[in-house]
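Peer 1: These protein sequences, in sequence, are chains B and P. Going by the working numbering, the first sequence opens with residue 837, and the numbers climb by one from there. Going by the working numbering, the second sequence opens with residue 837, and the numbers climb by one from there.
Hints are computed from structural coordinates only; laboratory data are not their basis. Every residue, glycine too, gets a C-beta built ideally from N, C-alpha and C. Some hints here could point you the wrong way.
If we take Cβ atoms under 7 Å as the criterion, some of the chain P residues that face chain B in the derived model are [claimed, not checked]: (1) Val878; (2) Leu879; (3) Val906; (4) Val910; (5) Leu916; (6) Glu930; (7) Thr935; (8) Gly937; (9) Gly938; (10) His962.
Away from chain P, derived, C-beta distances all over 12 Å, residues of chain B [unchecked claim]: (11) Val893; (12) Arg1017; (13) Asn1028; (14) Arg1078; (15) Val1142; (16) Ala1144; (17) Arg1184; (18) Glu1206; (19) Ile1208; (20) Gln1236; (21) Asp1269; (22) Gln1290; (23) Gly1295; (24) Cys1301; (25) Gly1302.
Number of protein chains: 2
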Amino acid sequence: MAQEKKQVEQITSMESDFAQWYTDVVKKAELVDYSGVKGCFVLRPYAYALWENIQAVLDKKFKELGHENVYMPVLIPESLLNKEKDHVEGFAPEVAWVTHGGSEPLQERLCVRPTSETLFCDHYAHVVHSWRDLPKLYNQWCSVLRWEKTTRPFLRHREFLWQEGHTIHATPEEAQAETLRMLEVYADLAENYLAMPVIRGRKTDKEKFAGAEATYTIECMMHDRKALQSGTSHYFGDGFARAFEILFTDKDNQLKNPFQTSWGLSTRIIGGIIMTHGDDSGLVLPPRIAPVQIVVIPVAAHKAGVSAAADALLSRLKAAGFRVKSDTSDQSPGWKFAEYEMKGVPLRLEIGPRDLEAGRCMMARRDNGEKISVALDHVETEAARLLEEIHRGLFEKARQNLSQNTFTATTLEEVKAIAEGPGGFIKTMWCGDEACEEKFKEAAGVTSRCMPFQQENLGETCPCCGKPAKHMVVWGVAY
Amino acid sequence: MAQEKKQVEQITSMESDFAQWYTDVVKKAELVDYSGVKGCFVLRPYAYALWENIQAVLDKKFKELGHENVYMPVLIPESLLNKEKDHVEGFAPEVAWVTHGGSEPLQERLCVRPTSETLFCDHYAHVVHSWRDLPKLYNQWCSVLRWEKTTRPFLRHREFLWQEGHTIHATPEEAQAETLRMLEVYADLAENYLAMPVIRGRKTDKEKFAGAEATYTIECMMHDRKALQSGTSHYFGDGFARAFEILFTDKDNQLKNPFQTSWGLSTRIIGGIIMTHGDDSGLVLPPRIAPVQIVVIPVAAHKAGVSAAADALLSRLKAAGFRVKSDTSDQSPGWKFAEYEMKGVPLRLEIGPRDLEAGRCMMARRDNGEKISVALDHVETEAARLLEEIHRGLFEKARQNLSQNTFTATTLEEVKAIAEGPGGFIKTMWCGDEACEEKFKEAAGVTSRCMPFQQENLGETCPCCGKPAKHMVVWGVAY
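Isolated chain B, as found in the complex (with noise of 0.2 Å):
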């Protein structure tokens, strides 16, 4: 029989080249698959079984709190996109067209969705009539679509799958705490599942979503200093429902437009989770969604009782509730240790002849590479307490990360020798004014991240125009 064994290769080191190093790991976890279509990319088993897990926290928590799961149509007619003013300037120039159904010219385009409020707008102007029919909370899990120039796995697809948040309200206040609720569910998912620490914060009006009144966000620090907008919740106002002739009596029997939000976050957040905790032997997940928790591996496993012993440890830790496998093929226990390195596997259980006289294991953890030897009796328990250990190390280092990599600048010459040299996030005061805005990303080539809610008084003036400051602002590069 041949002896095909796949070779886990040699990924680029982080520091020699961060964007192939990220490249490289996409392809040796068994991520992503290109297809025939640039930027729409295969989310093979590994990936899905990931956003799966992040699904099931987000889902969960959207039901907790009252929203419930619908299902909107992929296509949108061009005249309904271009309702809303604002929306349609934002979104047209990146939506692809359907222009035939079949072998015939369909009478009006249809755009593959970009995202869905001028659908949800239009089947909230058919079922929301009365007081009694608000709030409406809709959350739909879906694909969509935006034609961009340049993709990267997860990163920057044309094609993304998402959650988008549509929520429908009677007043303004109602509407302005339901977006800061779901992006503090984002914040939560971020920090308490994949152990990304967040800044919270709100947009500048130039890096809003279009249409929207106001738009928050969390910005997480990745390990190359650049910023990732990983999840944002935008409040409407009611501009939407004006567009769209949203009405409904209110108790004081007078006809109103009610007030809406909505939020989003992708599988974006997987090229997040990677470029937070990767290293360069390959994918460190974070425990809580990692798919596969634990992998058990016999070494010699044919001496007697190993495979044996192995199974038990399999039932037992699966019977406990981890996610759990084992890898009993015939490959060699090194290529076995490099591959599930690479996967990202926090905890690999190793048990062979000699572990086994003793009555022990050996626990490897992925994410500082510690091996811990495990009484036999104890194996839930420890792992279970390694598994938070690990979640608790890898929040811990991205703080690091993060608070290392964060500097304060109160002149422009100082924001551009931060942004050339160390790179990372730069707290400045700000005027508020779009042209100074854009002076930032001309002289270092940063944007505004956030204004975070956690404001700072670093100085009465903006760096770039000298006029009185009116927030602070986060700036950096962006993916």
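Since the structure of chain B is provided, determine the placement of chain P on it from the hints.
Peer 2: Chain P only, in chain B's frame:
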């Protein structure tokens, strides 16, 4: 305060106009909304929750059987769709074409996937190289688009949600076994969760999937005695693998083409649930997939203790694992009764002052209207028992409809008389010739639903041509 009470309006009766009854139920039970694109329907929360419950049953089963979820792109280049001759002939006439991305025309047209065989094949060609890479047992949850001329909610959408399983194997035997195994998963879903008895069988060549060697089906009979094809499973042999040049090195070191299957079940099944179990008061949902299994309705809720008792029952039933809600709105009990009847909630639990005094409550079955007085101490066990009885009752009623409306014929005249008379399924022998199959359609308006796995010998000759019979076929008028 204005009392704008939503009216539960009358719906058309099933006997007077079954098609209109169906349309009324779909609307009044708040299952779908119409969008701006013909045949693309909004799935409202109640319909989507039903779909989620169906998904949960199937997804768990798929995973237990070793399948992994993936996600393939929504767009297929025309050249890729064209690779397998029979497949493209079947699907090209009904696909929607994307011709522009942003403001630019595309170099090659892209179709919105009508099904994803071609995408899976393209991916397999990238990742299947050795016998070690086989089998791949994949599934995806997504929407597909088929440019149908006539559309109806659930039964015929242009865009519909489904799952499509795609597997690839080293041997034809393994692939054939998978095809039948997955048909049985669908039959189990239909019978044991949806209370829909099925006929399992094989499609004739005329009715099989474009590109398949064999298509298997589960066929259900609706209340109006028409057939609904409710799930199909296809064996492809190595036809796709040859067309897409998928090759693997087998254990004997020879390069070979692998063997494939696909199988799908869609939101169409929701139309089947409606038309199998519904009645003149609206939906009747099978308890195992009903979004709400029990609705708790306090009667005279302002009387002392009633609200508190209703709340306590709600909590107890939730804790016991039932899907339960209560309606404490200011609508009248009569309005509420009609509303949850329309929505097909299997059990209604009423509690009022007199019940409370007696330490009892009333449970009303949606399926047969029976009312049962239940001691408060026993609500959980009684609810469980009644929900099981409702499931069995619904299945038995549907089974009787199927058996009482399945007829045997030995001449084309008899087939015609049955089709024009009572309607229903008609069993006959058949020579296997497509010309005769066509004659059944011309003479009696029926199509072959399947050649059931449980064959019976009804005679020696084909009712059409008199030649020796090869198969027993079930004929019917299909949705």
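Peer 1: Could you run down the list of hints and mark each one as holding or not?
Peer 2: Here's how the hints hold up against the structure:
1. Val878: holds (5 Å)
2. Leu879: holds (4 Å)
3. Val906: holds (5 Å)
4. Val910: Result: holds, 6 Å to nearest chain B Cβ.
5. Leu916: This hint holds: Leu916 of chain P lies near chain B, its Cβ roughly 5 Å from the closest one there, short of 7 Å.
6. Glu930: Holds, because the Cβ-Cβ distance from Glu930 of chain P to chain B comes to roughly 5 Å (cut-off 7 Å).
7. Thr935: holds (5 Å)
8. Gly937: Holds: closest Cβ of chain B sits about 4 Å from Gly937 of chain P, inside 7 Å.
9. Gly938: Hint on Gly938 of chain P: holds, closest Cβ of chain B at ~4 Å, below 7 Å.
10. His962: This hint holds: His962 of chain P lies near chain B, its Cβ roughly 5 Å from the closest one there, short of 7 Å.
11. Val893: holds (16 Å)
12. Arg1017: holds (19 Å)
13. Asn1028: holds (25 Å)
14. Arg1078: holds (19 Å)
15. Val1142: Non-interface label stands for Val1142 of chain B: nearest chain P Cβ at 22 Å, farther than 12 Å.
16. Ala1144: About 22 Å separates Ala1144 of chain B from the closest Cβ of chain P, which puts it past 12 Å; holds.
17. Arg1184: Holds, because the least Cβ-Cβ distance between Arg1184 of chain B and chain P comes to about 21 Å, which exceeds 12 Å.
18. Glu1206: Given a closest Cβ separation of 31 Å, the condition holds.
19. Ile1208: For Ile1208 of chain B, whose nearest Cβ neighbour in chain P is about 31 Å away, the distance exceeds 12 Å, so it holds.
20. Gln1236: Since the minimum Cβ distance to chain P is about 34 Å, Gln1236 of chain B lies beyond 12 Å and the statement holds.
21. Asp1269: holds (31 Å)
22. Gln1290: holds (37 Å)
23. Gly1295: Given that every Cβ of chain P is farther than 12 Å from that of Gly1295 of chain B, nearest at about 42 Å, it holds.
24. Cys1301: Fine: 35 Å to the nearest Cβ keeps Cys1301 of chain B off the interface.
25. Gly1302: Given that every Cβ of chain P is farther than 12 Å from that of Gly1302 of chain B, nearest at about 40 Å, it holds.
Going down the numbered hints, you'll see the structure goes against none, and every one checks out.
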